[in-house]
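Engineer: Read off the chains here:
There are 2 protein chains.
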Amino acid sequence: TSGTVVSSHSTAASSELPASGLRITLTAGPTREALDPVRYLSNHSSGKMGYALAAEAVALGASVRLISGPVALSTPAGVERIDVESALEMQAAAEAAFEDSDIFIGCAAVADFRPTEVATHKLKKQAGEEQMQVVLTRNPDIIAGIASRSHKYRTAGQPAPLIVGFAAETRDVAHYARDKLTRKRLDMIVANDVSTPGLGFGSDSNAATLLWHERDSIAQQAIDACPKFALAREILLRALTLHHH
Amino acid sequence: TSGTVVSSHSTAASSELPASGLRITLTAGPTREALDPVRYLSNHSSGKMGYALAAEAVALGASVRLISGPVALSTPAGVERIDVESALEMQAAAEAAFEDSDIFIGCAAVADFRPTEVATHKLKKQAGEEQMQVVLTRNPDIIAGIASRSHKYRTAGQPAPLIVGFAAETRDVAHYARDKLTRKRLDMIVANDVSTPGLGFGSDSNAATLLWHERDSIAQQAIDACPKFALAREILLRALTLHHH
Chain R
1 TSGTVVSSHS TAASSELPAS GLRITLTAGP TREALDPVRY LSNHSSGKMG YALAAEAVAL
61 GASVRLISGP VALSTPAGVE RIDVESALEM QAAAEAAFED SDIFIGCAAV ADFRPTEVAT
121 HKLKKQAGEE QMQVVLTRNP DIIAGIASRS HKYRTAGQPA PLIVGFAAET RDVAHYARDK
181 LTRKRLDMIV ANDVSTPGLG FGSDSNAATL LWHERDSIAQ QAIDACPKFA LAREILLRAL
241 TLHHH
Chain H
1 TSGTVVSSHS TAASSELPAS GLRITLTAGP TREALDPVRY LSNHSSGKMG YALAAEAVAL
61 GASVRLISGP VALSTPAGVE RIDVESALEM QAAAEAAFED SDIFIGCAAV ADFRPTEVAT
121 HKLKKQAGEE QMQVVLTRNP DIIAGIASRS HKYRTAGQPA PLIVGFAAET RDVAHYARDK
181 LTRKRLDMIV ANDVSTPGLG FGSDSNAATL LWHERDSIAQ QAIDACPKFA LAREILLRAL
241 TLHHH
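The listed protein sequences correspond, in order, to chains R and H.
Note that this note's numbering numbers the first sequence so that position 190 is 190, with each residue one more than the last.
Note that this note's numbering numbers the second sequence so that position 48 is 48, with each residue one more than the last.
It should be emphasised that the hints constitute simulated quantities derived from the structure, not laboratory data.
All figures in this text were calculated on a predicted structure; none of them were measured in a lab.
Mixed in with the good hints, there may be bad ones.
Any copy, or any two copies together, can satisfy a pair, since identical chains are not distinguished.
[Stated by the list, open to error] Listed next, the in silico SDA-like pairs over lysine to any residue satisfying Cα-Cα at most 25 Å (straight line):
| # | residue 1 | residue 2 |
| --- | --- | --- |
| 1 | Lys152 | Lys184 |
| 2 | Lys184 | Asp36 |
| 3 | Lys184 | Gln131 |
| 4 | Lys152 | Leu17 |
| 5 | Lys184 | Glu129 |
| 6 | Lys152 | Val71 |
| 7 | Lys184 | Val79 |
| 8 | Lys152 | Gly78 |
| 9 | Lys184 | Ile218 |
| 10 | Lys184 | Glu16 |
| 11 | Lys152 | Asp172 |
| 12 | Lys152 | Ala59 |
| 13 | Lys152 | Gln131 |
| 14 | Lys184 | Val58 |
| 15 | Lys184 | Pro37 |
| 16 | Lys152 | Ala119 |
| 17 | Lys184 | Glu130 |
| 18 | Lys152 | Val118 |
| 19 | Lys152 | Ala72 |
| 20 | Lys184 | Thr75 |
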């Protein structure tokens, strides 16, 4: 288990933490996609999982940069936080952080779509208008873009960050997660079932399955419901193991 | 000015506060309209103005019920808070509170539209699908419904609450506010320009113009930028004056 990683590290060099010298970039929280100056499309991500990861990454000795959507959380001690609103802003911040990252963890619940047109003034209701159509445009898949860039760098023999993605699903969790791991060229994915009452979005606890490439197959590790900071540590230790290989 | 109301009351009966014995119901915050279990449509209302009104109403001696959308604020002391998410939930809570209210203040930024269909499972992205259409249905106008009911009660000689609405606009503020005051049969409206940087949504300060029916015309009072609790007190004192007439 990943617990071994901690003990081996702490035995090998008591003064050195497992993530010492590593730069970890994380995205967290939801994004907000403006319809007009007051209305937006968003989702129920509280940012707690990403913030727990940031805090634990600092505890493990990493230098941590947190690219955060709008959340009601305070910045963990020692974390460099970059605030963004929309998916396009988050993507720009993520791409800018790429070269300076050893591990990149995409934990944000990025809005899949944004309104195609953003009104400058608040949209007025028209008398008698009982329905309204909003046309949405697909947002870029930030983590897939980062992972694709990482793949290109590696193919060219250049150093590139290890990429960890998240999959929040309400059904067929393992199926969609395996598909995303491969299709998006991620090194590892954290899959969780957000339909479980009391877990996931907004909660302080979470359960997850970690999936990663191991030789020619996909290995996995199930983590039972536990506080988000404990899950964060398991995720980071697994990512560190993969990074060290 | 409305300041006279306080002094006349405190002179008349030092033990009695201006809103003693009155039941004030308020709505506050945004509503969230679900697209699926994780996504929603909402707006930038922080709830601060409504919560300031609730706190000041308690300070003025009223019995206060606060129907609140999702906000990151704690309940002011002495306030009965009812949490809701969607416009339909807020409407049900508001209608249930109607008969038990002397003054009803609709401060919530109710979403005008909600997704017509709510998916049970998280909507999956389809490969190649670059655009998406969301059909929205108009939400009921909660404060207009409450005001119309109040108007009917009064016409029938029955007691009914005084109705105060809000108009958050980004342009032509006075024009839209006068129109809403009359068309929605409100007794008073609080109009503010949310396009002013540093004021309105999310801010601790606000400026507003109060408009109300006085004989055959519409009277108004401009309140310069001030902390939301100070604006809340001006609004409540004006509403109390109208209620006592």
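Engineer: It remains to establish, for every hint, whether it holds in the given structure.
Structural biologist: Verification of the hints:
1. With identical chains, the CA atoms of Lys152 and Lys184 are at most 25 Å apart within one copy only, with a shortest distance of 13 Å there and 60 Å across copies.
2. With identical chains, the CA atoms of Lys184 and Asp36 are at most 25 Å apart between copies only, with a shortest distance of 24 Å across copies and 32 Å within one.
3. Only between protomers do Lys184 and Gln131 lie at most 25 Å apart by alpha-carbon distance; the minimum there is 20 Å, versus 37 Å within a single protomer.
4. Taking the shortest Cα distances, Lys152 and Leu17 never come within 25 Å of each other, neither inside one copy (30 Å) nor across copies (72 Å).
5. For the homomeric pair Lys184 and Glu129, the shortest alpha-carbon distance between copies (17 Å) is at most 25 Å, but the shortest distance inside one copy (42 Å) is not.
6. Taking the shortest alpha-carbon separations for Lys152 and Val71, neither the intra-copy value of 33 Å nor the inter-copy value of 43 Å comes in at or below 25 Å.
7. Taking the closest pair of Cα atoms, Lys184 and Val79 never come within 25 Å of each other, the shortest separation being 27 Å inside a single copy and 50 Å across copies.
8. When the C-alpha separation of Lys152 and Gly78 is checked against a cutoff of 25 Å, the pair qualifies neither within a copy, at 32 Å, nor between copies, at 61 Å.
9. Only within a single protomer do Lys184 and Ile218 lie at most 25 Å apart by alpha-carbon distance; the minimum there is 14 Å, versus 61 Å between protomers.
10. Within a single copy, Lys184 and Glu16 get their C-alpha atoms no closer than 33 Å, and across copies no closer than 68 Å, so neither meets the 25 Å cut-off.
11. Proximity of Lys152 and Asp172 under a CA criterion of 25 Å is satisfied in neither setting, with 30 Å inside one chain copy and 53 Å between copies.
12. Proximity of Lys152 to Ala59 under the C-alpha cut-off of 25 Å is found in neither arrangement, the shortest distances being 31 Å within a copy and 64 Å between copies.
13. Proximity of Lys152 to Gln131 under the C-alpha cut-off of 25 Å is found in neither arrangement, the shortest distances being 46 Å within a copy and 28 Å between copies.
14. Taking CA atoms no more than 25 Å apart as the test, Lys184 paired with Val58 passes in neither setting, with 27 Å inside one copy and 55 Å between copies.
15. Proximity of Lys184 to Pro37 under the C-alpha cut-off of 25 Å is restricted to the inter-copy arrangement: shortest distance 24 Å between copies versus 33 Å within a copy.
16. When the C-alpha separation of Lys152 and Ala119 is checked against a cutoff of 25 Å, the pair qualifies neither within a copy, at 38 Å, nor between copies, at 37 Å.
17. For the identical chains of this complex, Lys184 and Glu130 are inter-copy neighbours only, at 17 Å across copies versus 40 Å inside a copy, given an alpha-carbon limit of 25 Å.
18. With identical chains, the CA atoms of Lys152 and Val118 are never at most 25 Å apart, being 34 Å at best within one copy and 40 Å at best between copies.
19. In the homo-oligomer, the alpha carbons of Lys152 and Ala72 never lie at most 25 Å apart, since the shortest distance is 36 Å inside one protomer and 43 Å across protomers.
20. In the homo-oligomer, the alpha carbons of Lys184 and Thr75 never lie at most 25 Å apart, since the shortest distance is 29 Å inside one protomer and 44 Å across protomers.
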